[in-house]
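S.K.: Each chain, letter by letter, is given below.
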Amino acid sequence: MKRVNSTPRPGWQAFAQSVGFNFHTFDGEPYWDESAYYQFSLQQIEQDLEQPTEELHQMALDLVDDIVNNEQMLQQLAIPRQFWDAVRSSWQNQQPHLYGRMDFSYNGTGPAKLLELNYDTPTSLYETGFFQWVWLEDQLMRGELPQGADQFNSLQDKLQQAFSELDLPQPFYFASVTESIEDKGTVDYLMDIALQAGINSRYIQLEQLGDIDGQLVDLEGFPIQGLFKLYPWEFMLQEDFASTIVTSQTQFLEPLWKCLLSNKGILPLLWQKYQGHPNLLPAFFDDGSALQNGWVRKPLLSREGANIELVTSDGKALKQDGPYNDSGYIRQALAPLPQFNGNYALIGSWVVADSAAGICIREDNSLITKDSSRFLPHIILD
Amino acid sequence: MTNTKTFKRSKTARLIMMVPAAGLVLAGCGEKPVEVQVFNSPDECAAYYNPPAECKAAFDDAKALHPQVAPRYASKQECETDFGNGQCETAPVLAANNTVPTEQTQQSQQSSGFFMPMMMGFMAGQMLNRGGMAGAPQQQAAAANRSPVPNQPLYKSRDDRSTFRTATNTAVANQPGSTSIRPSAVQPKPASMARRGGFGAQAAKRNVGSYGG
Chain A
1 MKRVNSTPRP
11 GWQAFAQSVG
21 FNFHTFDGEP
31 YWDESAYYQF
41 SLQQIEQDLE
51 QPTEELHQMA
61 LDLVDDIVNN
71 EQMLQQLAIP
81 RQFWDAVRSS
91 WQNQQPHLYG
101 RMDFSYNGTG
111 PAKLLELNYD
121 TPTSLYETGF
131 FQWVWLEDQL
141 MRGELPQGAD
151 QFNSLQDKLQ
161 QAFSELDLPQ
171 PFYFASVTES
181 IEDKGTVDYL
191 MDIALQAGIN
201 SRYIQLEQLG
211 DIDGQLVDLE
221 GFPIQGLFKL
231 YPWEFMLQED
241 FASTIVTSQT
251 QFLEPLWKCL
261 LSNKGILPLL
271 WQKYQGHPNL
281 LPAFFDDGSA
291 LQNGWVRKPL
301 LSREGANIEL
311 VTSDGKALKQ
321 DGPYNDSGYI
331 RQALAPLPQF
341 NGNYALIGSW
351 VVADSAAGIC
361 IREDNSLITK
371 DSSRFLPHII
381 LD
Chain B
383 MTNTKTFKRS
393 KTARLIMMVP
403 AAGLVLAGCG
413 EKPVEVQVFN
423 SPDECAAYYN
433 PPAECKAAFD
443 DAKALHPQVA
453 PRYASKQECE
463 TDFGNGQCET
473 APVLAANNTV
483 PTEQTQQSQQ
493 SSGFFMPMMM
503 GFMAGQMLNR
513 GGMAGAPQQQ
523 AAAANRSPVP
533 NQPLYKSRDD
543 RSTFRTATNT
553 AVANQPGSTS
563 IRPSAVQPKP
573 ASMARRGGFG
583 AQAAKRNVGS
593 YGG
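Going down the list, the sequences are from chains A and B. Heads up: the first sequence begins at 1 in our numbering, then just goes up one per residue. Heads up: the second sequence begins at 383 in our numbering, then just goes up one per residue.
Just chain B, with the same shape it has in the complex:
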């Protein structure tokens, strides 16, 4: 017998995302931390028993990356709100491929009109030779695996002058020297040119439970 009754309700109502399924665990939890070193300056790096030449090389890598990855702000004031008075500089124009123009063109280079924080330190991700200070065996083993973390610039926020942060605002250490981090958390990305926070002000002002109705 065929059921010819027409129902006024949905035939099925299932959920695939809102109901957590077993086995859907966050990817990345199994990632192994690696050891890197962070310093205020190349001299400080060398003082931590690292080869001065490697310190200088890591610092130079970070300095080159700095204008490409530093967060960008439309005004100096906005930048200083995050990084402190006198801690911001003008950001150069980035070419379409997100690189800084070569030295030949830099003399005539225009400011992009954006501001970025000054580089306050650097992360050395590939320091192989620990100089006079032999690393513990597991550190050497980790280093032998070649750290997947690029050398990169570090920044310090206005409110917290002791913490080293990456360009994407990941806190990595409170003091110079060795620290342990997850590589995926410190991969440099092109500077964000986007303005954000342009929607939501009315919600903050009215502060009700829902903006639907």
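This is chain A alone, in the form it adopts within the complex:
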């Protein structure tokens, strides 16, 4: 694994705009960054990332089966009691899931360490599955990359296959928060793939979802029988339409049981069940005491690095503020992100259905990866 400087494609910004990538730059700062790429060997990809991703995914699914029947665990994850039955039945009815992303600390050697699961509303999907893929093909064509370079990125193929196999009710609706162009971009991408898989797909703004007698309805009052929502379950469970989730005849993607896995409380529960697994970091529910050197504190429910606090092994404290200060916390042994040319790199590893489907790399100048962290492409080359 190494970081290689690279010449950006001339005019890539205009191309990005033309293919719907409207968030390639954030507040004047680059988000998509092709001034460098990461290079992996095939062995690093297959042994250190792909295989552990599938194994950890199966471990997490096995754990769901424990949690839905364990009141103490449901309490530890702060799942509201009135939804326990619904969470349990969503799992026992085998409501299918589509995708997720796990984040790793990995420097090219030794086991990748699981930092967290983003299993409810993972984003950076379009950047990974489409834009990174096009970058590789373009740069191969221009001779800017060595012939034979490949990429661990079967995301779009696998998503399309999943959409064709899921047997979703149609029309199938996709919803996101109106003001977020990043989330709309992610949903547009999924809808595009669903359309290619032959699904009759429709968009509805999340805030426009309607309720008639406990049934979710679209703008014209027609029942919504299938809904992909790029909006966290933990929010939905505390909002005005929370009870509609239980009464509505609607198949959700991701299904309700995913709220167990997108919760950071899954990390101590994984550690309890599989203590010592090479890809897991020691993790515990937080007791509120001061953080020791080499530990990190994370809210049960948070996103994009918000409200994370850590102390490095040599005692340096680092804290990221954010709007997710209203849940419990866990603490996890710190596996500091590796540094390349002064940049801290995080690896996101995608799962579609139950298969590993590719990786994405985020870089930041801090140990905490955030919404604004840059996205860099990668190649596989032996």
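Be careful, since some hints might not be right.
Short, incomplete list of chain A residues facing chain B, as computed with Cβ under 8 Å [unchecked claim]:
1) V134
2) G210
3) Y274
Don't read these hints as lab results, they were simulated from the structure. The structure presented is a predicted model; accordingly, all values stated were derived computationally and were not measured. For every residue, glycine included, the Cβ atom is placed at its ideal position computed from N, Cα and C.
Chain A is already provided as a structure; the job is to place chain B on it using the hints.
M.R.: Here is chain B on its own, set in the frame of chain A:
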């Protein structure tokens, strides 16, 4: 020679919706506007040189449509927030086919528990005879084509008492008289019984760029 190399990347990654294709222009742009008239009352309509009987007929059509198409609210307060104090009334129960029960049943009719704004005016879409005021030739031609716009009730919002709006909140005119509209924008639809806005509050509260991660 067969290439047996297995790739770790997608075979293709194409987009069909996110990349705009030539020729995919918004449908409906070619729709011709038609002329309709809007009034506060039948008397006002007649004062604009329209036949009083037609004014009354258009008003009656609109009044009958009013309980079927007016927006519905779960509380009087929510309704008044949009339409102003004292501007809302109880909405009747709609039968399954979305019609108001006939007069025989209306005496024993129960309130639906919903509230709706009062009708504040009406749109006359099919006024053929302009009475003493002959329309301009193109207006007559348009009228001869029979307006595809049904007579319908109009409403006024709390904050903007001069603008006439349809039941679906399309602003159609700022003053009584003739106005030009696209027929597709003013087709009455059954009242929306749906509550909305039940999701998204946490997003508004936290105000971050993305709710994914």
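S.K.: Decide, hint by hint, whether the structure agrees.
M.R.: Do the hints match the structure? See the list:
1. V134: This hint holds: V134(A) lies near chain B, its Cβ roughly 7 Å from the closest one there, short of 8 Å.
2. G210: 3 Å, holds
3. Y274: 23 Å, violated
Violated hints amount to a single one, hint 3; each of the other numbered hints is respected by the structure.
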